[in-house]
Every structure is written in C-alpha cells, then in structure tokens.
Amino acid sequence: MHETMVAESLLATIMEEAAKQNAKPINAKISCGVLNAINDEILCFAFEAITKDTLCEGMKLQIEHKAMQGQCKKCNQSFDIEFSDPRCPKCSSEEFELLPDAPLLLEEIEFSTVLGTPDGGHLTVETD
Amino acid sequence: MRKKISIGKKILSANEEYALENSLFLSERGKLCLNMISSPGSGKTTILSRTISELKNKIRIGVIEGDIQTDLDAEKIRATGAPAIQINTNGACHLSAAQISTALKQLPLDDLDLIFIENVGNLVCPSAFQLGETGKIAVLSVPEGDDKPIKYPAIFAKSKALLINKIDMLQTVGQADFDIERVKLDVRKLNKTVEIFPISAKTGEGMCNWYDWLLRTVKTPNQP
Numbered sequence: 001m002h003e004t005m006v007a008e009s010l011l012a013t014i015m016e017e018a019a020k021q022n023a024k025p026i027n028a029k030i031s032c033g034v035l036n037a038i039n040d041e042i043l044c045f046a047f048e049a050i051t052k053d054t055l056c057e058g059m060k061l062q063i064e065h066k067a068m069q070g071q072c073k074k075c076n077q078s079f080d081i082e083f084s085d086p087r088c089p090k091c092s093s094e095e096f097e098l099l100p101d102a103p104l105l106l107e108e109i110e111f112s113t114v115l116g117t118p119d120g121g122h123l124t125v126e127t128d
Numbered sequence: 001m002r003k004k005i006s007i008g009k010k011i012l013s014a015n016e017e018y019a020l021e022n023s024l025f026l027s028e029r030g031k032l033c034l035n036m037i038s039s040p041g042s043g044k045t046t047i048l049s050r051t052i053s054e055l056k057n058k059i060r061i062g063v064i065e066g067d068i069q070t071d072l073d074a075e076k077i078r079a080t081g082a083p084a085i086q087i088n089t090n091g092a093c094h095l096s097a098a099q100i101s102t103a104l105k106q107l108p109l110d111d112l113d114l115i116f117i118e119n120v121g122n123l124v125c126p127s128a129f130q131l132g133e134t135g136k137i138a139v140l141s142v143p144e145g146d147d148k149p150i151k152y153p154a155i156f157a158k159s160k161a162l163l164i165n166k167i168d169m170l171q172t173v174g175q176a177d178f179d180i181e182r183v184k185l186d187v188r189k190l191n192k193t194v195e196i197f198p199i200s201a202k203t204g205e206g207m208c209n210w211y212d213w214l215l216r217t218v219k220t221p222n223q224p
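So the protein lines, in turn, are chains A and B. Sequence positions in the first sequence follow the working numbering and run 1 to 128. Sequence positions in the second sequence follow the working numbering and run 1 to 224.
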C-alpha cells in the first residue's frame, strides 16, 4: 500500500527531469531490493491513477527486482538469498553476511523528444 | 525521436533526507529512539504501557503513536503518565520521516531518555521507510503463527530486537502453529545480531529480560 507514496515521489522526480529535458517522458526503469516490498501491479496502478492529466499520463513503468545478497563466511561466495532456506549455494554453509538491500532507484527515463530540443547537460544521453 | 537518460536517483530520497535530519537531531541530544513494527493486534500498545509503568523510576519514556485513525493508543499511553503524540495517517499504511520530525519537536525531549515510535500496524510497509530511528523493534505475537519471519522477512532482517508476545497463549495455540525455537532459528538465519525476547505483556512473564536490554541500550543510545 505504500506504493502510493512511492508513485508520488516517482512522479515528482520524473516531472522535475521532464522540465529540464523539455520532453515528454514515455517509459521509466526502476529497480528495487526485496526489502522495499514493492508490488508491481499496485505500483503501476497507483502511478497510472496519479499521472492522469499530467505530462506523465500513459507512461510505462519497468520494475526490476533485485534479490537480497549474502556473502558466505566460509567460501566467500556472493549469492542470492532464498528466504525459505538461506544458505550458500556453493558450500551449503548457513554462515553468511547479509549484504545491504538494493535501494529503490529510478534508473532511467525514456523521453519522446517531440516537445522540444534535447538538452542532456551533464547527463548521459543515448539517442535511438 | 526518443532518448534515454540515466538518472540513478533514490525514489524515496525526500523521506531519507528527513530521516537523516531526525537521526542527527536525536544523536546530538543523546536520545534513544526505537521504531516498533508489527501486525495490528500483536500487543504493541500493551507492551509499551507495561514497560513505561514498570520502568517509571528508571527511565523516562515518550511515545509517538501512529495509527490510521483515532487517538485511542495515545490516550492509553498518557494514562501511564508518559507524554504521547498521536499521528493519524488517514489511510497511509506507514509513518514517514517528515511526520516524525514534527512529532519529535512536540515532545518534551529534555525530560526524556527514550522515545518509542509505535508504527502503524502492518508487517510490510513500515519497514521500507527509514524514520531516523536508532533501531527497529519487531513484535510477533503467538496467535499470528510461527511462519511470519519467512513470509515477511524484511522487518525481521532489519530489527535490533524481536519481542515474541503473548507467550501466555502458547498452550492454547499449540506447538504445531507456534514453535518458539523455529521462530528463533528462522530469524537468526537472516539476522545474526538480533536479540529475541519471549514475553507476555499481559502476565509480565519474560518482561524483565526486555527491560534489562532497554536499560543497557539507553545508556549508549548511539550504538544500540
């Protein structure tokens, strides 16, 4: 349910960037760790609802989930944690360091440049 | 024409900025602040009321109460004589750092050693929002079942301490549905440093171990 607040923050960040770029955002790529507890369907629904009648209306969200990572204390292997049975896949040890969960990140925005001239500034601009 | 721009910005950065501010505000004043998270009905308010009453002569406690509606919980806390600020989230499923920032300034901080934040009853969302607290305390009650740590790992992985409440109901619920050892094992797989206290806030059983930990932790608020 906290997806509504996430959607609001996301909209604010995208609008800020759209103003800088003077372009219409059409897609956004987001990534998050499991501990952010983001449900794709709810986030997309909330985003769709709050972007109605804004420049972001009709935008598509692509959400990448990153597994929680552990690092084995015995063999040093880094691995994705399976919550039902957390152990090192290489040596089966249950002694591992829990690595920090991936933050909720806005990775990338794709703009349609019809509205104006692209002004990449210090940002990386890739043109299709 | 289309163009892709890489951003790499934290979506909840506005919340995190407030959280950082709260954290500095608390540590500069040497105050311990614990954010209590659990499902609705696990007994957070009863635990806090009993803790405040029984530690009255040892530490001074204030509470920030988060609920969707009503100030029933803050009233219960005030009945113990402790100051309580009620935040109504009006539907939101978690407290945010900005709300805590306002509430902290309404509490008589100079007269307090420890501030509890009683988050909105919810095992999922509150754990995704930093409030600037010193640490998180998870509460799991016996009737909820012992499978919650693996089904809802986030809060159990992030907590400094876990209170297993309502142990007076262990016999009624039965070991098949609540096995304390299983909970301890599952939680420790994800969280090696967590302190686990089986308690009953109703009968008082086990509360002394929780109090000892609180009294120790309050002395070194910046490193619980």
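Rather than coming from a laboratory, the hints here were simulated on the basis of the structure. Glycine included, each C-beta is placed from N, C-alpha and C at the ideal position. Worth double-checking, as some hints may not be accurate.
In silico lysine-lysine, DSS-like type, Cα no more than 27 Å apart, as pairs [to be verified]:
#, chain 1, residue 1, chain 2, residue 2
1, B, K184, A, K60
2, B, K10, A, K66
3, A, K24, B, K3
4, B, K192, A, K52
5, B, K56, A, K73
6, B, K151, B, K58
7, A, K24, B, K9
8, A, K74, B, K10
9, B, K10, A, K29
10, B, K184, A, K74
11, B, K3, A, K29
12, A, K52, B, K76
13, A, K73, B, K10
14, A, K73, B, K9
15, A, K24, B, K4
16, A, K73, B, K184
17, A, K20, B, K184
18, A, K74, B, K4
19, B, K10, A, K52
20, A, K29, B, K160
21, A, K60, B, K160
22, A, K73, B, K4
23, A, K90, B, K151
24, A, K66, B, K58
25, B, K160, A, K20
26, A, K73, A, K24
What follows is a set of in silico ranges between Cβ atoms, one per label pair, in the way DEER data are often shown [claimed, not checked]:
#, chain 1, residue 1, chain 2, residue 2, range
27, A, I26, B, D110, 51 to 61 Å
28, B, T102, A, K66, 28 to 38 Å
29, B, E195, A, E94, 31 to 41 Å
30, B, S27, A, N22, 21 to 31 Å
31, A, A19, B, S101, 26 to 36 Å
32, B, T172, A, Q71, 15 to 25 Å
Checklist entry - Which numbered hints are broken by the structure, listed smallest first? => result 1, 4, 5, 6, 8, 12, 13, 14, 17, 18, 20, 21, 22, 24, 25, 26, 29, 30, 32
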